[in-house]
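Residue-level listing of the chains:
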Amino acid sequence: MHLADGVLSLPVAAAAYVGAGALVAYSIKGVQEEEIPMISLMTGGFFAISLISIPVGPSTVHPILGGLLGIILGRRAPLAFFVGLLLQAILFQHGGLSTLGANTLMLALPALLVHKLFLGIQKRSVFMGGALAGGLAITGTLVLLILFLLFSDQRFAEGFFSVINLLAAGHLPLIAVEGLITGYAVKFLYNAKPGMLKIPAVNAANNPSIKGI
Amino acid sequence: MGRSFKRYLFPVIITLSLVFLLSSTVSAHRMIVEPVEEGIVKVIYDGGRIARRAEVVVYDEAGSEIARGGLDEKGHFYYPLDQGDVRVVADDGLGHRAEWKTGDSHGDELSRAVTVILVLLGFVIIALVFHYRVKNKEAALPVE
Chain A
478 MHLADGVLSL
488 PVAAAAYVGA
498 GALVAYSIKG
508 VQEEEIPMIS
518 LMTGGFFAIS
528 LISIPVGPST
538 VHPILGGLLG
548 IILGRRAPLA
558 FFVGLLLQAI
568 LFQHGGLSTL
578 GANTLMLALP
588 ALLVHKLFLG
598 IQKRSVFMGG
608 ALAGGLAITG
618 TLVLLILFLL
628 FSDQRFAEGF
638 FSVINLLAAG
648 HLPLIAVEGL
658 ITGYAVKFLY
668 NAKPGMLKIP
678 AVNAANNPSI
688 KGI
Chain B
2 MGRSFKRYLF
12 PVIITLSLVF
22 LLSSTVSAHR
32 MIVEPVEEGI
42 VKVIYDGGRI
52 ARRAEVVVYD
62 EAGSEIARGG
72 LDEKGHFYYP
82 LDQGDVRVVA
92 DDGLGHRAEW
102 KTGDSHGDEL
112 SRAVTVILVL
122 LGFVIIALVF
132 HYRVKNKEAA
142 LPVE
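Chains as they are written, first to last, in our numbering: chain A, 478 to 690; chain B, 2 to 145.
Excised from the complex, chain B in its bound form:
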């Protein structure tokens, strides 16, 4: 009984320590679309480096594309102001993608870490549930 528990102890410890590690590093290199002022957004990676490869597409409320292009030298992109609320999507073609809607602030830093923790917790729970199911099954079997 003690042994089978120990079998999973190591990965559990690793996973949990990752959670704490990640609370600080999870946002280490995300791409962000940041509002600068009305009509201007800036596309950067966490840490402030400009996402030079990013292509920006702007959609109106109905979801149709109204503007597209790269960033200027400062990493800024100018979107049209006469179209009401817009959704700005940036993609650097290397796996990073970020979105911003007019009116959004940038308070999702925390929710991201929370999401990661919840997901990991889910996996740990699944692992524990099946671990105990197996253990119960083994216990029900006659001793060899």
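So here's chain A without its partners, still in its complex pose:
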């Protein structure tokens, strides 16, 4: 899931860096001190959990929890992904510094998207909202990953056992698994700690310490 150094062509990596830079800047803008503990903990959680790799066929798949981070952190999610990925690249050569921009974009864009989506759906069913968000976040990441590879080198798509086909096949189970996990996690949080989910109605009703939003 994480692109290593040297996989992307220079223009693609550079363009991704620009995009990711803008996204992270947007993410940092206006951070309140109150938000930092949660951002910090979620970053740590993401850092740790995406180091676990599960072998699927010839490739490996990492849990990402992109949807969950998106739901809980909202616009702060890109910051968490960026810091987590940076640490992984430096400490474990997992991913790479030249592809940091692309990796951040791959995770952050879908996370922002499902955050909006979740806010729309959760009124009907919190579990469904979470599950959809979790699954769609991975789908979005996969689509971006494939796009990045295609922009860099068409050969990634050649043949039945091409890198892209293998990646797509490997991530199908992850979409289902992350959907379920995110659904249950969100449902649990909704019951146990509703303040963590940035749902306006819930925050106002149950968490007077958070004003407005």
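Think of the hints as simulated: they come from the structure by calculation, not from any bench. Note that this is a predicted model, so its numbers are computed, not measured. Ideal Cβ placement from N, Cα and C applies to all residues, glycine included. Treat the hints loosely; a few may be bogus.
[Said to hold, decoys possible] Output of the computed footprint for chain A on chain B, the stretches with three or more beta carbons under 8 Å from beta carbons of chain A: (1) 122-128; (2) 133-142.
[Said to hold, decoys possible] Only pairs whose alpha carbons sit at most 27 Å apart, straight line, appear in this in silico BS3-like list of lysine-lysine: (3) K670/A <-> K506/A; (4) K506/A <-> K593/A; (5) K75/B <-> K506/A; (6) K136/B <-> K670/A; (7) K506/A <-> K138/B; (8) K664/A <-> K593/A; (9) K593/A <-> K670/A; (10) K75/B <-> K102/B; (11) K670/A <-> K600/A; (12) K138/B <-> K670/A; (13) K600/A <-> K664/A.
[What the hints assert, rightly or not] Every beta carbon over 12 Å from chain A, so not counted as near; a handful from chain B, in silico: (14) M32; (15) E35; (16) K75; (17) Q84; (18) G85; (19) V87; (20) D93; (21) A99.
Based on these hints, arrange chain B on the given structure of chain A.
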């Protein structure tokens, strides 16, 4: 006061339990360059599966490339012995990368888990520091 603490209790517990979980699973699927004998390295994933897609590049001490190629059927790669100490870098193009230098043994299993724990600890500390800063700030404000 009790409530704001509880707000962070759940993620803290999750994070801590992850640490313990990870102590065993963190090395679950890393790529490893393993010395077999002099002149031969083996590139495998944790668990022993051969990293078939891996491309191996060998650098000499000055950092210039002296050999490059894929693995043979047994997952072995033969590097030139007449170039002194070398650095072997394997990359499977799917996000896994491993390095090995002549003379390295493989005792970094522990340090990896320790690194993860230290990083997580760092995040927890940041979270706590800001949590208490915010709490102090709130306490300084007049009660509404």
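A quick look at each hint next to the structure:
no.: 1; hint: 122-128; result: holds (count 5)
no.: 2; hint: 133-142; result: holds (count 4)
no.: 3; hint: K670/A <-> K506/A; result: 26 Å, holds
no.: 4; hint: K506/A <-> K593/A; result: 18 Å, holds
no.: 5; hint: K75/B <-> K506/A; result: 52 Å, violated
no.: 6; hint: K136/B <-> K670/A; result: 18 Å, holds
no.: 7; hint: K506/A <-> K138/B; result: 21 Å, holds
no.: 8; hint: K664/A <-> K593/A; result: 17 Å, holds
no.: 9; hint: K593/A <-> K670/A; result: 20 Å, holds
no.: 10; hint: K75/B <-> K102/B; result: 21 Å, holds
no.: 11; hint: K670/A <-> K600/A; result: 17 Å, holds
no.: 12; hint: K138/B <-> K670/A; result: 23 Å, holds
no.: 13; hint: K600/A <-> K664/A; result: 12 Å, holds
no.: 14; hint: M32; result: 9 Å, violated
no.: 15; hint: E35; result: 16 Å, holds
no.: 16; hint: K75; result: 17 Å, holds
no.: 17; hint: Q84; result: 23 Å, holds
no.: 18; hint: G85; result: 24 Å, holds
no.: 19; hint: V87; result: 18 Å, holds
no.: 20; hint: D93; result: 8 Å, violated
no.: 21; hint: A99; result: 8 Å, violated
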